[in-house]
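Participant: With chain A fixed as given, assemble chain B onto it according to the hints.
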Amino acid sequence: MIDPKVLERHGLKPDEYDRIVAFMGREPNLTELGIFSVMWSEHCSYKSSRVHLKTLPTGGPQVLQGPGENAGAVDIGDGLAAVFKIESHNHPSFIEPYQGAATGVGGIIRDIFTMGARPIALLNSLRFGSLDQPGTRRLLEGVVAGIGGYGNSIGIPTVGGEIAFEPSYAGNPLVNVFCLGISRASDIIKGVASGAGNAVYYVGAKTGRDGIHGATMASAEFDEKSAEKRPAVQVGDPFMEKLLLEACLEVMKTDALIGIQDMGAAGLTCSTTEMGSRGGAGVEIDVSKVPQRETGMTPYEIMLSESQERMLLVVKRGREAEVERIFDKWDLHASHIGEVTTDGMLRVKERGTVVAEIPNRALTDEAPVYRRPMTEPEYLADVRKLDLDGLGARNARVSDQTGALLTLLGSPAIGSKRWVYRQYDHMVRTNTINMPGMGAGVVRIKDTDRALAMSVDGNGRYCYLDPRRGAMLAVAEAARNVACAGARPIAATNCLNFGNPERPSIMWQFAQAVEGIGEACRALDTPITGGNVSLYNETDGKAIYPTPVIGVVGLLEHADRVVSRTFKAAGDAIVLLGDGRGELGGSEYLKVACGLVQGEPPLLDLRAERALQDLLVQLAGARLVRSAHDCSDGGLAVTLAECTFDTAGIGADVSIDSVSVASDAEINRAAALFGESASRVVVSAAPDAAAEVLKRAKTAGVPARVIGRTGGQELRIAVGGQLAISVGVSEAERAWSGAVEHYFAKQVA
Amino acid sequence: MKFGIVVFPGSNCDHDAYHATKHVLGQDAEFIWHKDTDLKSADALILPGGFSYGDYLRTGAIARFSPIMRAVQSFAASGGPVLGVCNGFQILLEAGLIPGAMLRNRSVKFLCQQVHVRVEQIDTPFTCAGRKGQVLQMPIAHGEGNYFAEPDVIARLEANRQVIFRYTNAEGVITNEDNPNGSAAAIAGLCNETRNVVGLMPHPERACEASLGSADGLIVLESVVQSLRSGALIGQA
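If you read the protein sequences in the order shown, they are chains A and B. Its first residue numbered 16, the first sequence is counted upward by one per residue in my numbering. Its first residue numbered 4, the second sequence is counted upward by one per residue in my numbering.
Since the hints were made in silico from the structure, they are not lab data. These numbers were taken from a predicted model, which means no experiment stands behind them. Please note that the accuracy of each hint is not assured.
What the hints assert, rightly or not - As a list, the in silico DSS-like pairs of lysine-lysine whose alpha-carbon atoms are at most 30 Å apart: (1) A:K268 <-> B:K5; (2) B:K25 <-> A:K344; (3) A:K364 <-> A:K28; (4) B:K38 <-> A:K461; (5) B:K5 <-> A:K461; (6) A:K221 <-> A:K205; (7) A:K304 <-> B:K38; (8) B:K112 <-> B:K5; (9) A:K20 <-> A:K69; (10) B:K43 <-> B:K112; (11) A:K344 <-> B:K43; (12) A:K268 <-> A:K344; (13) A:K364 <-> A:K304; (14) B:K25 <-> B:K5; (15) A:K268 <-> B:K135; (16) A:K344 <-> A:K304; (17) B:K38 <-> A:K268; (18) A:K557 <-> A:K69; (19) A:K268 <-> A:K205; (20) A:K364 <-> A:K400; (21) A:K344 <-> A:K221; (22) A:K364 <-> A:K62; (23) B:K25 <-> A:K461; (24) B:K135 <-> A:K344; (25) B:K43 <-> A:K461; (26) A:K331 <-> B:K38; (27) A:K221 <-> A:K364; (28) A:K461 <-> A:K400; (29) A:K400 <-> A:K304; (30) A:K268 <-> B:K43; (31) A:K557 <-> A:K606; (32) A:K28 <-> A:K69; (33) B:K5 <-> A:K344; (34) B:K5 <-> B:K38; (35) A:K62 <-> A:K20; (36) A:K221 <-> B:K5; (37) A:K205 <-> A:K20; (38) A:K461 <-> A:K268; (39) A:K606 <-> A:K28.
The following block holds chain A by itself, in its conformation from the complex (with noise of 0.2 Å):
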């Protein structure tokens, strides 16, 4: 009865079905079948990833759990730990905006609780299409309302991320989620099953048949009804994962606990297997006791339902009652649906009758992994290909830098994305003490001193024109983002958007943005621990740019030294730390203002970027910088308006060096202000603490010097002496502050 038709339908292929008949000594029946071709799916099994993020940094004396549990975890001092990833719900987004971002918080803060930690704080990273679209304006719309709907009704702030627009992500937009919460460093619950005979429960919302590996349901097996039945993307209830996550803490304050773990992707096939395999041990469970949402559920269906809302404890045998009576508090049912074994089996049952027996081993650990082949992407030899001599004469718009800078400020990539986080509740728990829009994410530690930053970051343009030094830039950034808060980076997590992997060129992309991030979190001292990779983002053939989005976290000592990007007095001396180099390729100047992705992403000195931002820690603990804004899309022109704005006025007037990479005076002019070099940083300083900023810039090896003074009601920044832009903030906020808004004011009119 398994057929090949049966096998493609499960996303299995030959060979594959071949090792699964070695590992059982017989044929599968169906039921086991589905089981295998879940846990084999790239989703779970990483098959074409692993080998790849085994090269990965992921150890370190802060770090307190690497990749493999539901999180990671890292010290963060006072006896206690962060727990955070990052991960994506791309595909479902797509189809149906509001759940499908809505389910991809749920699932985050699940992977969160389930190690025993409160989450704190949301961030999200997310890309689409342009926002001149109808049909992106829609996407956007309903993502942004997805996850305001599940974070602010759970309670979590969603405190900082970034949004990208590029025509790439029209057909596959990006949706990733970051959590962190707090815990005891050593009450971290891990997901393992172990003990034999101790209880398996099932809690929360009841399994239906939404979310069913799609392509398995047509079989033999099931009449063409069933399918219509299931709808296509899962419903997220926040309330009851409210109720979950109030329950599941509870719980855990008992040491009746084992492990725990969330059913998200592959449902209760997974959880069960993973749980067994490890702990060293086999868990055994009857799917008739399983709560079920509607009725004639096979044992497949149950198995591989993908109902959200649902987590699997193992119980201290003996311990139930109690566990029982305080899901009962919450007004949920904690269903005993089977037992931990020793025989390292999973073995399912319905109504006593065995319907499904596997080896976990033969599910995680033994599941294939392929080093698939790669090779160069063609297109590159021409994107990489920049003339900026011949720039000026087929852009007119090249001589106007003041025009330029409000064209930029006012595009949606740069501009505030005000009308998105507003629509999250970003204050609640009141622990928020940089809000969004104003660098990193920062929220403070309630009863201690401390306080823990994060950012999101990633550059598909990058990475498209060169994905090993994109994806570093990335780590860079986030990293950058998270010193100029004053935190000191610790830890990261990595979320891996790329297209087919069965394509060399795709495969290729992945494995060079692999090492770039490997090479930037070893440098930069931030171990990834845990993370996610979503491949197969293609629409009709065509792949998104390659995009690694990286979260980091740091850490700041005292919370109430935390820095901001705006400018907080007149009078104060503008530094610029880091050197500019000009550089053009890739920016988002060469995009907006003369429609072109080509050239070479900036470079990138790992030394150079330790010392900034172990400078800007520094700088932060001292209180010598009153404000700390990194220059990234746009460059220092847009970094110094950025400054200025939210300040009721506080301008600049500043003044720096042309550059010199094309003939043209103008073009230097433009890769002056515009150019995205890296690891460069604009900060603030009293009047009196700029000469120390300057000499601790010196001590520590970071090139510094003043460029300017914040005051008066304009930006006036003059290049090698000549003024190359004046506008007043005012005109300058308004294009930036309408940026993403206006797309929207237009619907309502």
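Facilitator: Positioned in the frame of chain A, the structure of chain B alone reads:
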């Protein structure tokens, strides 16, 4: 004095109210589970913000049937100070302790931002530490805060001086632009006829420390302490 903070399933500003009253204000505070019937000898009650029962059916509609609400009703009837913030305000409306209802924000979107509100009346236990006309900055975070009541109800509220906070600009002037959700008469906070039950959409408990953006919310919480210390509840005379 002791604050009792009622916890419904789905409350999510309960810990914030606890932190503000206990650690910032330095008063005693205790959580009260919604299934309980005893108020644990609290001197003042806070119904915190959140999404009680997921806001399913209608905001606050299910929470008002929680067992604790009977005790809350009699506490209110006996003149005890009760503050409903955000979802807590919505529960007070559903429970009939304050007239009117909340519609979705006129933008039809959830809004989280700092707003300014003007203190309209100071003869309530939650405003007595303020000055009439004083402008406070506090955040809002809600999807349904667009206060609605029939014109005759609004007229009665005005006549009884039950509107105790209105949305204004930083200078204390009411403008359409500074009314974040479209509330009738720019109403941000109301009290009942006996003035001891107050509903407020902005979050005073989120505005008790300058590092969070504002400490103006302390005036609301300090008012209770002050009014209880003065012995007699204002408005009961």
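Participant: Against each hint, give a clear statement of whether it holds in the structure.
Facilitator: Hint-by-hint comparison with the structure:
1. With a CA separation close to 27 Å, the supplied pair K268 (chain A) and K5 (chain B) stays within the 30 Å bound.
2. Distance restraint check for K25 (chain B) and K344 (chain A): the Cα-Cα separation of roughly 25 Å lies within the 30 Å cut-off, and the hinted pair is therefore satisfied.
3. Distance restraint check for K364 (chain A) and K28 (chain A): the Cα-Cα separation of roughly 27 Å lies within the 30 Å cut-off, and the hinted pair is therefore satisfied.
4. With a C-alpha separation of about 29 Å, the suggested pair K38 (chain B) and K461 (chain A) falls inside the 30 Å cut-off, and the hint holds.
5. Restraint check: the Cα-Cα separation between K5 (chain B) and K461 (chain A) comes to about 22 Å, which is no more than 30 Å; the hinted pair holds.
6. Proximity of K221 (chain A) to K205 (chain A) is assessed by CA-CA distance (about 24 Å); at most 30 Å being required, the pair is judged to hold.
7. The hinted pair formed by K304 (chain A) and K38 (chain B) meets the criterion: a straight-line CA distance of about 29 Å does not exceed 30 Å.
8. Taking the CA atoms of K112 (chain B) and K5 (chain B), the gap is near 36 Å; set against the 30 Å cutoff, the hint is violated.
9. Between K20 (chain A) and K69 (chain A) the CA atoms are separated by roughly 34 Å; this puts the pair beyond 30 Å, and the hint is violated.
10. This hinted pair does not check out: K43 (chain B) and K112 (chain B) have alpha carbons roughly 38 Å apart, beyond 30 Å.
11. For a cut-off of 30 Å, the pair hint linking K344 (chain A) to K43 (chain B) stands: about 19 Å separates their Cα positions.
12. Of the supplied pair hints, the one linking K268 (chain A) and K344 (chain A) holds, its CA atoms being roughly 15 Å apart against a limit of 30 Å.
13. At roughly 10 Å between alpha-carbon atoms, K364 (chain A) and K304 (chain A) fall within 30 Å of each other, so this suggested pair holds.
14. For the hint pairing K25 (chain B) with K5 (chain B), the CA-to-CA distance comes to about 9 Å; that is within 30 Å, so the pair holds.
15. At roughly 47 Å between alpha-carbon atoms, K268 (chain A) and K135 (chain B) are farther apart than 30 Å, so this suggested pair is violated.
16. Distance hint between K344 (chain A) and K304 (chain A) is fulfilled; the C-alpha atoms sit about 21 Å from each other, no more than 30 Å.
17. Annotation: proposed proximity of K38 (chain B) to K268 (chain A) holds, straight-line Cα distance about 21 Å (limit 30 Å).
18. Our distance criterion of 30 Å between C-alpha atoms is met by K557 (chain A) and K69 (chain A), whose separation comes to about 28 Å.
19. A threshold of 30 Å between alpha carbons decides the hint, and for K268 (chain A) with K205 (chain A) the separation of about 14 Å falls inside it, so the pair holds.
20. A threshold of 30 Å between alpha carbons decides the hint, and for K364 (chain A) with K400 (chain A) the separation of about 62 Å lies outside it, so the pair is violated.
21. Our distance criterion of 30 Å between C-alpha atoms is met by K344 (chain A) and K221 (chain A), whose separation comes to about 18 Å.
22. Our distance criterion of 30 Å between C-alpha atoms is met by K364 (chain A) and K62 (chain A), whose separation comes to about 29 Å.
23. A threshold of 30 Å between alpha carbons decides the hint, and for K25 (chain B) with K461 (chain A) the separation of about 13 Å falls inside it, so the pair holds.
24. Taking the CA atoms of K135 (chain B) and K344 (chain A), the gap is about 44 Å. The hint is violated against a cut of 30 Å.
25. A C-alpha spacing of about 26 Å is found between K43 (chain B) and K461 (chain A), which places the hinted pair at or below 30 Å, so the restraint holds.
26. Restraint check: the Cα-Cα separation between K331 (chain A) and K38 (chain B) comes to about 28 Å, which is no more than 30 Å; the hinted pair holds.
27. Of the pairs offered as hints, the one joining K221 (chain A) and K364 (chain A) holds, with about 18 Å between alpha carbons and a cut-off of 30 Å not exceeded.
28. Between K461 (chain A) and K400 (chain A) the CA atoms are separated by roughly 52 Å; this puts the pair beyond 30 Å, and the hint is violated.
29. For a cut-off of 30 Å, the pair hint linking K400 (chain A) to K304 (chain A) is broken: about 63 Å separates their Cα positions.
30. A C-alpha spacing of about 24 Å is found between K268 (chain A) and K43 (chain B), which places the hinted pair at or below 30 Å, so the restraint holds.
31. Restraint check for K557 (chain A) and K606 (chain A): the C-alpha separation of about 20 Å stays at or below 30 Å, so the hint holds.
32. Our distance criterion of 30 Å between C-alpha atoms is met by K28 (chain A) and K69 (chain A), whose separation comes to about 24 Å.
33. Our distance criterion of 30 Å between C-alpha atoms is met by K5 (chain B) and K344 (chain A), whose separation comes to about 25 Å.
34. Distance check on the hinted pair: K5 (chain B) and K38 (chain B) sit about 20 Å apart at the alpha-carbon level, within 30 Å; holds.
35. Annotation: proposed proximity of K62 (chain A) to K20 (chain A) holds, straight-line Cα distance about 22 Å (limit 30 Å).
36. Proposed proximity of K221 (chain A) and K5 (chain B) is contradicted: the alpha carbons are some 41 Å apart, above 30 Å.
37. With a CA separation close to 39 Å, the supplied pair K205 (chain A) and K20 (chain A) exceeds the 30 Å bound.
38. Taking the CA atoms of K461 (chain A) and K268 (chain A), the gap is near 19 Å; set against the 30 Å cutoff, the hint holds.
39. Note on K606 (chain A) and K28 (chain A): the hinted pairing is violated, with a Cα-Cα distance of about 42 Å set against a maximum of 30 Å.
The structure fails to meet hints 8, 9, 10, 15, 20, 24, 28, 29, 36, 37, 39 from the earlier list, while all remaining hints are met.
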